[in-house]
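Colleague: Since the structure of chain P is already known, use the hints to place chain G on it.
So the protein sequences, as listed, match chains P and G. Residue numbering for the first sequence follows our numbering, starting at 1 and increasing by one per position. Residue numbering for the second sequence follows our numbering, starting at 346 and increasing by one per position.
In case anyone wonders, no lab produced these hints; they're calculated from the structure. You may find that some hints are simply not true.
Stated by the list, open to error - Label pairs and their calculated CB-CB ranges: (1) P:GLY167 / G:PRO439: 30 to 40 angstroms; (2) G:GLY426 / P:PRO248: 21 to 31 angstroms; (3) P:SER231 / G:GLN549: 28 to 38 angstroms; (4) G:PRO439 / P:VAL188: 58 to 68 angstroms; (5) P:PHE181 / G:PRO365: 35 to 45 angstroms.
Said to hold, decoys possible - Example chain P residues on the side facing chain G (calculated, C-beta under 10 angstroms, incomplete): (6) GLY36; (7) ARG37; (8) GLU234; (9) TYR237; (10) ALA241; (11) ARG242; (12) ILE243; (13) ALA244; (14) GLY245; (15) GLU255; (16) PRO258; (17) ASN259; (18) TRP261.
Using N, Cα and C, we set each Cβ at its ideal position, and we do this for glycine too.
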Amino acid sequence: MNEPTGLAVTSDHRDTAGSSEEPPPDQTLAPAEVAGRSPTQLAWRRFRRDRTGVISGAVVLLFFLAGLGAPVIAALYGKDPYTTYGQNQPGLLNEFGYPAKPNGGIDGQFWLGLEPSLGRDVFTQLLYGIRTSLLISLAVVLIITTLGVLIGVVAGYTGRWVDFGVGRVIDVVLSFPSTLFFIAFIPVIQSLFVPPDQETPTWLRATTVILVLSAFGWAQIARLMRGQVLSLREREYIEAARIAGAGPGRIIRAELLPNLWTPILVSVSMTVPTYVTTEAALSFLGVGMVEPTPDWGRMIHRGAEVYSADLSYMLAPGLAMLVFVIAFNLLGDSVRDALDPRAHR
Amino acid sequence: MPEHHTAPLLEVAGLHKHFPIRGGLLTRRTGAVRAVDGVDFSIEAGRSLGLVGESGCGKSTTGRLVARLLEPTGGAVRYRGEDIAHASRRELAPVRAEIQMIFQDPYSSLNPRQTVGTIVGAPLAIRRTGTASARRARVRELLATVGLNPEHYNRFPHEFSGGQRQRIGIARALALEPKLIVADEPVSALDVSIQAQIVNLLQQVQRDLGIAFLFIAHDLAIVRHFSHRVAVMYLGRIVELADRAELYGDPRHPYTKALLSAVPEPDLGTGDGEAQGRNRIRLSGDVPTPVDPPSGCRFRTRCPSAQAICGTTEPPLLPVPTATGQHLVACHFAEPLPAAA
Chain P
1 MNEPTGLAVT SDHRDTAGSS EEPPPDQTLA PAEVAGRSPT QLAWRRFRRD RTGVISGAVV
61 LLFFLAGLGA PVIAALYGKD PYTTYGQNQP GLLNEFGYPA KPNGGIDGQF WLGLEPSLGR
121 DVFTQLLYGI RTSLLISLAV VLIITTLGVL IGVVAGYTGR WVDFGVGRVI DVVLSFPSTL
181 FFIAFIPVIQ SLFVPPDQET PTWLRATTVI LVLSAFGWAQ IARLMRGQVL SLREREYIEA
241 ARIAGAGPGR IIRAELLPNL WTPILVSVSM TVPTYVTTEA ALSFLGVGMV EPTPDWGRMI
301 HRGAEVYSAD LSYMLAPGLA MLVFVIAFNL LGDSVRDALD PRAHR
Chain G
346 MPEHHTAPLL EVAGLHKHFP IRGGLLTRRT GAVRAVDGVD FSIEAGRSLG LVGESGCGKS
406 TTGRLVARLL EPTGGAVRYR GEDIAHASRR ELAPVRAEIQ MIFQDPYSSL NPRQTVGTIV
466 GAPLAIRRTG TASARRARVR ELLATVGLNP EHYNRFPHEF SGGQRQRIGI ARALALEPKL
526 IVADEPVSAL DVSIQAQIVN LLQQVQRDLG IAFLFIAHDL AIVRHFSHRV AVMYLGRIVE
586 LADRAELYGD PRHPYTKALL SAVPEPDLGT GDGEAQGRNR IRLSGDVPTP VDPPSGCRFR
646 TRCPSAQAIC GTTEPPLLPV PTATGQHLVA CHFAEPLPAA A
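Bound conformation, chain P alone:
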């Protein structure tokens, strides 16, 4: 019988997960070592070595904790985003409605100051605003990723007229001026559900925004997935699975999907900041969340109204969003580099 050890000499690394820093496999020296490192484990090791990625990941995690844990933090902090502290307690706002203390009224009691005229607490407003924006954009990303992966994989794997039909639909959706559509149609859709003389409930506003954003968002990831599947479909291991008798279900589940997690993860990490800013933009333009629901974009909108007199009210949500988007994009880059070290360098 041939000795496999002789082959280990010619181990060239043309493989997908191999990177330069990875030590060469030495089967000759350690034959007893049983488990190898999976591509996922290798990616995690690469990610941990990427300092930018780890730091931006921590920042993003902080935002998620702050947003999702907003009620807890607010309870510990002892305030809520709705109470008009400035109007209830005299002396906090001056006669023009602006915070009496410098820097927007920042002090030990109100960590990020007070909102002009209404006198609400900025810190809890920001926490809850992050929460609203994050939840809405995460819901959108979840929906469009599921939908996009499903449609893209089916179109790419089935091919022929299914692919043709789906491809044309994607073309149409992507060529739509989506921002204009959002502004024009979100009020229209809301009025379908709510009579004009009634207030639109907050959950309905959120649902409408999520649905309308999802209706346009899936096309991008569906196209990405279709392309990935088209290239993966031709790999010989797919043919090997077919020869072994595997049906389309098993091929998609066991052979294709594990290889699609990389582009899916990269796409998610790139689209979350996009939808956070899109949601904020819609609220800024007045078609997303409205008073009194705390929202990142609505805070910036309010900040833009008062910035000439009280810059600090604009700075808090603005800087927070800037940091969040930059950190998330850097995280996305690091995730991509870790999962696919040869791409886009």
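Modeller: Okay, now just chain G, sitting in the frame of chain P:
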């Protein structure tokens, strides 16, 4: 060598595969790539047929048609007398276990996200043969058969060299105890030093397990070590098919002669054929497009001895009288002509 006429394990008759070329706005069909255009051969149980040709001649397509990864546009693929050319996935299921395939590229033939154990055990898992622990034991056994350490069960493909990866692919092909293996250029992606090891392994597997092989290669030298019979393909058709000794010792088709003269072997021509062996036949030009193959004999555009008849009549694949029997050639001038040499 006596001729024994048992029913062949695999019989391919008049096999065609035309890939449509679509174009225009409404995806009209504008033409077809005639990748395989009328191919006949048969393989007996436990024997191996080498299929040789330049890239683009349709040899890999033929292999994929036999393994039914592609559906033929015409002709029959009879496995144990049963035509599987248009069988559905359900009808194919029992045959699929017996016809397996070894792929060309050891880098794309193994799923990078699966462990070696999962890859080799996949055919067993798909067919739900035995318990999980029985399957695991079988995979370890298979890994040992192909000369890999069974301890590598939980490793991932990227940790192996090209030759080792090809061994994993061979182990996977052996998992269902097939009767026929289609080996699609199994060594052409490997280092020359590794090629011999893999060919030896395949040879050993063939001898020990009695598996028939359709061995596809672009290299006559590799096939020579492996095949009982050899078929030479050109532009979607077989131009010469003979026993190994016949084909290498007494090639009749000018294309085969040209291919053989390109193999750098010092002992190619023995005895009377020595002068012919030394003469390097250089083919000019490229392979014509399979979309619109030449009229008559397909090789005539590059043939050094083409005559007027070659442009009008396509030569059929016919037996020529030789010492050992079966020798099929598709050439108008297949009879030994001193002038042709």
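Colleague: Next, verify each hint and record whether it holds.
Modeller: Hint check results:
1. For GLY167 (chain P) and PRO439 (chain G), the hinted distance range of 30 to 40 angstroms is satisfied, since their beta carbons lie about 37 angstroms from each other.
2. Between GLY426 (chain G) and PRO248 (chain P) the C-beta distance comes to about 30 angstroms, which sits within the given range of 21 to 31 angstroms.
3. At roughly 36 angstroms, the beta-carbon separation of SER231 (chain P) and GLN549 (chain G) lies within the given 28 to 38 angstroms, and the hint holds.
4. A hinted range of 58 to 68 angstroms for the beta carbons of PRO439 (chain G) and VAL188 (chain P) is consistent with their spacing of about 59 angstroms.
5. Look at PHE181 (chain P) against PRO365 (chain G): about 39 angstroms separates their beta carbons, and that is inside 35 to 45 angstroms.
6. Below 10 angstroms, beta-carbon pairs count as interface contacts, and GLY36 (chain P) has one with chain G at about 3 angstroms; its hint therefore holds.
7. Satisfaction of the interface hint for ARG37 (chain P) is found here, the shortest Cβ-Cβ separation to chain G being roughly 7 angstroms, below the 10 angstroms cut-off.
8. A distance limit of 10 angstroms between C-beta atoms decides the matter here; for GLU234 (chain P) the minimum to chain G is near 8 angstroms, and the interface restraint holds.
9. The interface hint given for TYR237 (chain P) is met, as the beta carbon of that residue sits about 4 angstroms from the closest beta carbon of chain G, less than 10 angstroms.
10. Among the interface hints, the one on ALA241 (chain P) holds; its C-beta lies about 7 angstroms from the nearest C-beta in chain G, closer than the 10 angstroms criterion.
11. Hint on ARG242 (chain P) holds. Least Cβ distance to chain G is approximately 6 angstroms, under the 10 angstroms limit.
12. Because the beta carbon of ILE243 (chain P) sits about 5 angstroms from the nearest beta carbon in chain G, less than 10 angstroms, this interface hint is met.
13. For ALA244 (chain P), the shortest C-beta to C-beta distance to chain G is roughly 4 angstroms, which falls under 10 angstroms, so the interface hint holds.
14. With a least beta-carbon distance of about 5 angstroms to chain G, the hint placing GLY245 (chain P) at the interface is held under the 10 angstroms criterion.
15. A distance limit of 10 angstroms between C-beta atoms decides the matter here; for GLU255 (chain P) the minimum to chain G is near 6 angstroms, and the interface restraint holds.
16. A least Cβ separation of about 4 angstroms between PRO258 (chain P) and chain G falls short of the 10 angstroms threshold, and the interface hint therefore holds.
17. For ASN259 (chain P), the shortest C-beta to C-beta distance to chain G is roughly 6 angstroms, which falls under 10 angstroms, so the interface hint holds.
18. The beta carbon of TRP261 (chain P) comes within 8 angstroms of a beta carbon in chain G, closer than 10 angstroms, and the hint placing it at the interface holds.
The structure agrees with every numbered hint stated previously.
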